[in-house]
Amino acid sequence: MQTRCFSLLPCKKTEGSDRFLSEYRDSLSGYTVDPLPLLRLVLVCSYKHHVEGAVLGVSDSIMGVQTGGCQTWWGVVCVGATVTLVPLGSDCCDLNIHTQMQEDLRDPRYERLPFSIRVLLESAIRNCDEFLVKSSDVENILNWQQTQTQSVEVPFRPARVILQDFTGVPAVVDFAAMRDAVMKLGGDPEKINPVCPADLVIDHSIQVDFNRKSDSLQKNQDLEFERNKERFQFLKWGSKAFKNMRIIPPGSGIVHQVNLEYLARVVFNHHGFFYPDSLVGTDSHTTMIDGLGVLGWGVGGIEAEAVMLGQPISMVLPEVVGYKLHGTPDKLITSTDIVLTVTKHLRQVGVVGKFVEFFGPGVAQLSIADRATIANMCPEYGATAAFFPVDEISVDYLEQTGREPETLAYITKYLKAAAMFRDYNNVAQDPDFTQVVELDLGTVVPCCSGPKRPQDRISVSEMKTDFETCLGAKQGFKGFQVAPERHNAVVPFQFNDKEYTLSHGSVVIAAITSCTNTSNPSVMLGAGLLAKKAIECGLSVKPYIKTSLSPGSGVVTSYLKQSGVMDYLSRLGFEVVGYGCMTCIGNSGPLPDSVVEAITQGDLVAAGVLSGNRNFEGRVHPNTRANYLASPPLVIAYAIAGTVRIDFEKEPIAINSEGRQIFLRDIWPTRDEIQAVERTFVIPSMFKEVYKKIEKVNERWNSLVAPSDNLYTWDEKSTYIKSPPFFDGLTMKLPPPESIKEAYVLLNLGDSVTTDHISPAGNIARNSAAARYLTERGLTPREYNSYGSRRGNDAVMARGTFANIRLFNKFLNKQAPQTIYLPTGETLDVYDAAERYKQSGVPLLVLAGKEYGSGSSRDWAAKGPFLLGIKAVLAESYERIHRSNLVGMGVIPLEYLPGDTADSLGLTGRERYTIIIPEQLTPRMVVDVKLNTGKTFKVRMRFDTDV
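567 is the number that full-length UniProt numbering gives to position 567 of the sequence shown; each next residue is one higher, with no gaps.
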């Protein structure tokens with residue numbers, strides 16, 4: 001018999017509580033509660049009694065008996081708990097004991113908390129053990145109105161962890177190495193297992209090697225397995241060797257979309273014990289799940305591994321910015337336009353390190369897919385989380401995506417009982433926020449972002465003018481510094497025996513990609529309907545443009561086919577090329593040789609247009625210097641136009657074979673058209689059909705043979721999987737911090753240095769240090785694969801650190817993955833210079849400006865610098881995840897004090913730096929920096945918490 005039970009965790013004792021608990025434990029001695037231990041779970045009340053603690057539960061039916069509802073709470077409450085007790089040796093005797101929780105005993109502070117903070121509070125209550133989580137932590141969260149600005153440290157234990165394979169492989173490598181280290185210390189290696197459930201979705205390995213053909217998908221998947229067989233075997237070993245770890249095979253979709261459509265619980269049901277779903281993930285866009293009302297954000301691999309091992313995340317209790325949405329969006333507006341507008345706005349507001357929580361009547365007009373798009377790009381506006389509390393639309397989405405009715409019932413009941421269910425039109429439910437900002441959805445216009453950063457929004461009507469301004473502007477985020485006489489340069493070239501021309505702004509990549517947009521049926525069907533109208537008008541896409549469609553799940557292909565629009569997308573060249581991140585993360589594959597030659601010959605600023613979430617320099621493709629984020633319909637529109645130098649309002653998108661001018665407005669589908677198709681074809685059975693076989697559908701994965709030993713046997717010849725050096729010399733005692741003496745500066749960098757600059761994920765250049773290493777081991781350039789796929793090999797990744805060709809180093813005053821070796825003045829690859837310093841026993845430092853480490857939650861952007869011998873980074877500000885990763889690797893994040901910069905202090909980077917680190921560290925302490933010139937100044941150590 002399945003026994004359901006509710007639980008009290010006694011976080012604080014009150015007079016008589018020990019006697020009270022003991023009395024009722026004794027009275028239940030003839031019963032067992034299955035499947036969890038009695039003494040941990042059961043507090044049964046037959047009368048009202050005041051106990052301080054946490055009561056968790058939900059109305060439920062046990063053997064036909066309707067029981068009462070309980071809710072998570074902290075403070076003096078009248079406990080109400082229900083449990084079914086089964087006598088030993090019997091299967092039919094019930095004892096139902098129930099009392100009601102008195103509404104008037106609620107703590108009034110709870111009702112004013114932002115909904116996102118309520119999730120943190122519930123977790124603290126549930127996990128309070130007076131060791132890792134203390135009752136004082138609970139009180140600090142409950143008292144958020146006062147503690148939010150006091151940098152109070154609180155622990156958070158998420159319910160689960162998600163990983164993708166680029167970050168997941170290093171995590172599994174670390175777990176395998178931990179087992180080795182534990183065995184060497186005389187312990188039991190099999191004790192190294194994830195305690196917190198972990199799902200790893202393989203989505204980063206597939207590349208766009210083939211496109212525009214009906215067999216492109218199969219060819220790309222075959223090549224993916226050919227390149228990554230060793231990695232996949234290792235991951236399959238991990239899924240068998242470690243408990244609590246599930247691998248979703250390649251070809252299933254993108255982690256965040258699979259999380260949204262399939263993995264998300266919203267409310268966990270652990271043997272009848274209910275609590276809110278929450279998570280962290282090793283990818284910065286983990287925040288996408290916030291759109292469904294599941295609190296989650298990206299962390300570095302180091303933090304994720306700690307969570308998997310049962311440790312809470314130590315975080316500063318965040319401020320919460322309330323983002324009020326009101327008004328009605330225009331019928332031509334997509335969710336992409338809204339999110340790009342929000343991104344620019346919140347970057348201006350300044351939300352780094354804060355939660356953003358959306359509220360207001362405008363939220364009720366947004367679908368879950370719309371909300372998820374906005375939440376997905378949370379890292380681009382700098383917040384930690386972008387939370388949309390659960391409402392009726394959330395429950396409707398869960399039903400649409402195939403969740404079972406009984407699941408929907410307990411989700412709704414629990415969240416309403418716990419005061420976590422939102423009515424966005426009910427002003428009385430609006431909590432108190434740190435700050436409130438607003439957006440009138442009626443002011444949003446069609447837009448793109450670029451050419452180098454996602455926060456640089458441009459309205460479509462200004463695209464042509466903006467690009468031409470950027471063309472001549474000084475080299476920077478909005479400039480390419482092309483000489484005026486070269487602005488109208490035209491380069492002829494041949495492709496498939498026909499002659500074409502390229503010029504500045506010519507589109508050479510057009511990719512419908514990324515979970516940001518492919519998770520949204522409205523924009524995907526909008527793209528399909530636009531393609532249909534374009535074909536009917538006689539329009540086409542030039543054959544040399546690399547077009548691709550990489551859906552985030554198989555559901556997308558299903559509804560595109562069922563609705564009849566897939567054929568039109570294919571005819572424009574947007575064939576399905578794979579189910580993974582692909583172009584969005586730089587796996588765009590090669591461009592035609594003649595296109596590359598034309599770009600190089602004319603030194604052209606060629607363009608990529610993609611429905612992704614990032615467009616940092618060098619990320620999408622080395623030969624597309626301008627990259628724009630746009631909605632899927634706009635991706636197709638710019639592909640048809642063949643250039644971003646077009647004003648769609650005034651100029652035709654193309655002239656058809658009959659000589660008729662066709663404007664974008666002629667083929668743009670209406671919202672009513674899109675919604676009619678969506679209602680008909682995006683249905684629950686489609687989601688159920690795809691996801692019921694997700695773990696078994698990939699035959700190549702099923703047939704993959706992997707080792708079965710609990711300890712991994714490392715292959716010294718492997719160029720993919722290598723035992724990392726991070727656990728070498730591991731001891732039971734933590735060594736004290738060491739001062740940094742007479743350090744050289746390895747790199748002198750500017751603002752917005754991204755993790756893509758620090759540790760690129762894309763192609764390995766043939767003239768790079770990593771390529772030389774692979775060539776020495778017998779690999780050909782075709783076998784190099786990408787940096788992301790090599791993250792299980794520290795030798796490749798160390799050589800790939802700061803290997804981005806778009807890295808701007810002030811020492812060189814140009815873009816190159818090089819630096820000056822200061823003792824001799826030689827220009828060397830960054831890795832080679834670092835090795836020279838290391839051989840001399842000299843510590844290293846990096847100087848940088850604002851927003852250092854922005855972008856992906858890439859732990860190798862911290863591990864790589866550590867292996868190069870970098871002891872500290874001195875910057876004006878840091879992105880949250882990267883700062884945490886640096887701390888985790890023992891690289892000290894130093895921050896200038898307010899008002900100070902490298903320029904104001906007169907730093908050239910050619911000085912030698914000494915930083916005295918005391919043995920006793922405190923959060924955010926100030927230390928002295930001494931230069932060999934005699935100059936001294938103070939900086940802050942960005943160790944933000946005691947942990």
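Derived by calculation from the structure, the hints in this document are not laboratory data.
Possibly wrong hints are sitting among the right ones.
With a straight-line cut-off of 30 Å between C-alpha atoms, the simulated DSS-like cross-links for lysine-lysine are [what the hints assert, rightly or not]: (1) Lys474 / Lys717; (2) Lys498 / Lys532; (3) Lys344 / Lys219; (4) Lys688 / Lys717; (5) Lys243 / Lys930; (6) Lys850 / Lys722; (7) Lys717 / Lys532; (8) Lys692 / Lys838; (9) Lys741 / Lys532; (10) Lys219 / Lys850; (11) Lys692 / Lys413.
Do the hints match the structure? See the list:
In summary, the hint linking Lys474 to Lys717 is not supported, as the alpha carbons are separated by about 47 Å, beyond the 30 Å threshold. At roughly 26 Å between alpha-carbon atoms, Lys498 and Lys532 fall within 30 Å of each other, so this suggested pair holds. The straight-line distance between the Cα atoms of Lys344 and Lys219 is roughly 39 Å, outside the 30 Å bound, and the hint therefore fails. As the CA atoms of Lys688 and Lys717 are separated by approximately 43 Å, the hinted pair breaks the 30 Å bound.
Between Lys243 and Lys930 the CA atoms are separated by roughly 50 Å; this puts the pair beyond 30 Å, and the hint is violated. Pair hint Lys850 plus Lys722 does not hold up; C-alpha atoms about 34 Å apart against a cutoff of 30 Å. Among the hinted pairs, Lys717 with Lys532 is inconsistent with the structure: their alpha-carbon atoms are about 52 Å apart, more than 30 Å. A distance of roughly 53 Å separates the Cα atoms of Lys692 and Lys838; the hinted pair therefore is violated under the 30 Å criterion.
Between Lys741 and Lys532, the direct Cα distance comes to roughly 66 Å. Violation of the 30 Å bound is thereby established for this hinted pair. Restraint check for Lys219 and Lys850: not satisfied, since their Cα atoms lie roughly 43 Å apart, outside the 30 Å limit. For the hint pairing Lys692 with Lys413, the CA-to-CA distance comes to about 26 Å; that is within 30 Å, so the pair holds.
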